[in-house]
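2 protein chains.
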Amino acid sequence: MDRHAELLPRNFSLRVDSSRASTPSNGVEFRDRIIVKKFGGTSVGSIERIEHVAALVARERAQGRLPVVVASAMSGETNRLVALGNQIDPSYRGPAYDMLVASGEQVSIALIVIALAKLGVPAKPLLAYQLGIETDSVYSKARIKSIRTKELEATLVAGVVPVIAGFQGVDEEYNITTLGRGGSDTSAVAVAAALQLGACEIYTDVPAVFSADPRLVPKAREIPRLSFEEMMEMASLGSKVLHVRSVEIGAKHGVRIHVRHTFQDREGTWIVPEGEIMENPVVSAVTHDAATVVFKLAPIPGETAFIAKLFSVLSEKGVSVDIISQSQLERGYRLAFSVTAEDEPLVKNVLAAFLPSEVKVETLNDVAKISTVGVGMRNHPGVAARFFSVLADKGIQVQLVTTSEIKISAIIDRDRLDDAARALHSEFSLDI
Amino acid sequence: MDRHAELLPRNFSLRVDSSRASTPSNGVEFRDRIIVKKFGGTSVGSIERIEHVAALVARERAQGRLPVVVASAMSGETNRLVALGNQIDPSYRGPAYDMLVASGEQVSIALIVIALAKLGVPAKPLLAYQLGIETDSVYSKARIKSIRTKELEATLVAGVVPVIAGFQGVDEEYNITTLGRGGSDTSAVAVAAALQLGACEIYTDVPAVFSADPRLVPKAREIPRLSFEEMMEMASLGSKVLHVRSVEIGAKHGVRIHVRHTFQDREGTWIVPEGEIMENPVVSAVTHDAATVVFKLAPIPGETAFIAKLFSVLSEKGVSVDIISQSQLERGYRLAFSVTAEDEPLVKNVLAAFLPSEVKVETLNDVAKISTVGVGMRNHPGVAARFFSVLADKGIQVQLVTTSEIKISAIIDRDRLDDAARALHSEFSLDI
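So the protein lines, in turn, are chains L and X.
Per the numbering used here, the first sequence runs over residues 66 to 497.
Per the numbering used here, the second sequence runs over residues 66 to 497.
Chain L with its partners taken away, still in its complex shape (with noise of 0.2 Å):
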């Protein structure tokens, strides 16, 4: 076990059972042909993008690998069902909620098959349940607990190509889950953990991750090599490159992560572990998540008991609470916490069931988180110091702060995000 997986949460554990596969007696090799591609949505968002994958991983195979595709619904599909199931029952979450938008997956999968089968490359479409991908059961936010890999290692002995349907999982009792939007990353990288492969290729719409968004930050660089702490807070903190949790598999099992463009044939950005890295930046990207609220409470009861209850129910609902502040009022106390987005409506929900009707909330929806994230922050003290140093220049407020070892995240107003990245994008020195 690497130094990362101390990173990972404590219930975290992948059982990888290939003990009753049927390698053949040349398994080293056989494992070393192995190659997990996972295709994002917008590369099969049309028919024409599904028969480029097919192609792509047509040449690799006639080079003598053994692909396992993974994709993602086709672009756009996953938010129509989405929207589908909203105009029922915005707040239902439940297993009908996972069978719904992973139907998605279905369809992709099934169609890269077609495209493959016409390109003469025989190949099997993969469903959840088919492959045992095994979850818990906490519906739209699912994490994998095992994939058997005996119906995988047969389809590639078989000399088939298995395309899996990224995103989704099945609980003990076989319904379908899902693993929380951009989840069909952490299917590809389990897939190669459960194969016990040493990396995986994330094929997405950009080339590489970046120093900061570019649609942001003009000047923003692509990242050659990133470790998977950075990867894995960048990802926590607003990045949509990859889903947290693929990173968090990666680093636990040594799958490094490739990510890479689906139309450009050249290298991306390898996620690998720290060490795999020579030098490091103080910080290595600027990342920011406009996708979040704030809600502030008062007066409320200093007692930790209240906190821990109200926060065990929103944890019970699904919901991840980021950054908490507490501070005391002349009567009483005023906590403050942001959450992402989309769980603003079930945030509400349980705090008009929970609160005393006394405690006044407000919803702060204008608002951004900005962060700074790297290794080198951990051996160059002052970080936090520049960080805010830069905001306050630029006359920006801060909601709420949070720091670890290697991150800092500030809350501002949204329509002040992109002054502050520039700014801190320029203040340590990542502009091209």
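There's no promise every hint is true.
Heads up, the list lumps identical chains together, so a pair's fine if it works in one copy or across two of them.
Here are the computed lysine-lysine pairs in the DSS-like style, where the Cα-Cα straight-line distance is at most 30 Å [to be verified]:
hint, residue 1, residue 2
1, Lys413, Lys183
2, Lys361, Lys459
3, Lys382, Lys183
4, Lys183, Lys206
5, Lys305, Lys317
6, Lys425, Lys183
7, Lys374, Lys183
8, Lys284, Lys459
9, Lys206, Lys382
10, Lys305, Lys382
Source of the hints: derived by calculation from the structure; they are not laboratory data.
A quick note: this is a predicted structure, and the numbers were derived from the prediction, not measured.
Model the placement of chain X on the given structure of chain L, informed by the hints.
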């Protein structure tokens, strides 16, 4: 086994496994309360309609019944999915095709469950793999072999409404299969048979089975009761109201089928054993099928072996040949046969690969099949004479003919279909 069973194919068998079911001690009463309700594509064609269906199910449940819902894909959805696949390769058939088109039902049952939840009715979406709806592996035309009732009965016992994806099954290897267009009817009747029920409700967008298609024959009337045997013929002959296999299963297992309108609260047509109908007209209905194609091959060798081989190759590809005729030419023979228009590309592929180059193939696309059906035909000779006289009087040319004890079918020019249908409907005293 009633007399209709002799019409069933020899290999038909629907194993009913309810041995391990934990039905409550008042098992008989429990079973009497179960009612299978199947909703077609137009019945779930919009969010509003899905909410109507949920209200209908909730009302039934409030009256103490135990509804089991079986649903089709939202109208238009299966066509959309088929079109996606066809954009890549219209000739592809295999597991990926079935997985593709089966996704539509996954969406509709999830939405129905969300709509039921909104009304406070606990419900569970169930896919074929969860329910053990086992079929053979004839992709896109699979036949149900058995249904486990354990999950279903457990769900009912728990007070939860099972909402089952129609149209789909799984084969022995747990790949998704589909039952052919309209196959959700078959899912519903098979579920009712597995639960050993005496009836099944099929909700659709027409109020009943008509004596002819009212769009062709304005004087068509509703039929209150039809025998299984007649409905089987009508479904085979182009009536779109019920999937033919659903009627076979109903006949074999004594599941009466009630065809009724989703949005009109009144009785429609009951499909029942012939013995339950007091008096039969000579002809019960005039049925047509505009989606027919005739192939004419000449000259071909006269040996039965050649023709047998051709039809066996077509059958292997999943083509059902309908009417066949052979006639002698000066040199060799002419073979003509009709198939459903959907199979035209498949037939063309088979013929191109199979036939010697000297055989000329003529394809007639502008044809249709017109039929009269009625168990009364058994006791009334001369129906065929009247049938052909009517067509002759109208100057309508007959390309191919076939008859059975209870039906006469002819292939005619498609532009004479309306004339033929109206004239036959009038001749056999079916006009309102």
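Among all the numbered hints in the text so far, which are the ones the structure does not match? Violated hints: none; all satisfied.
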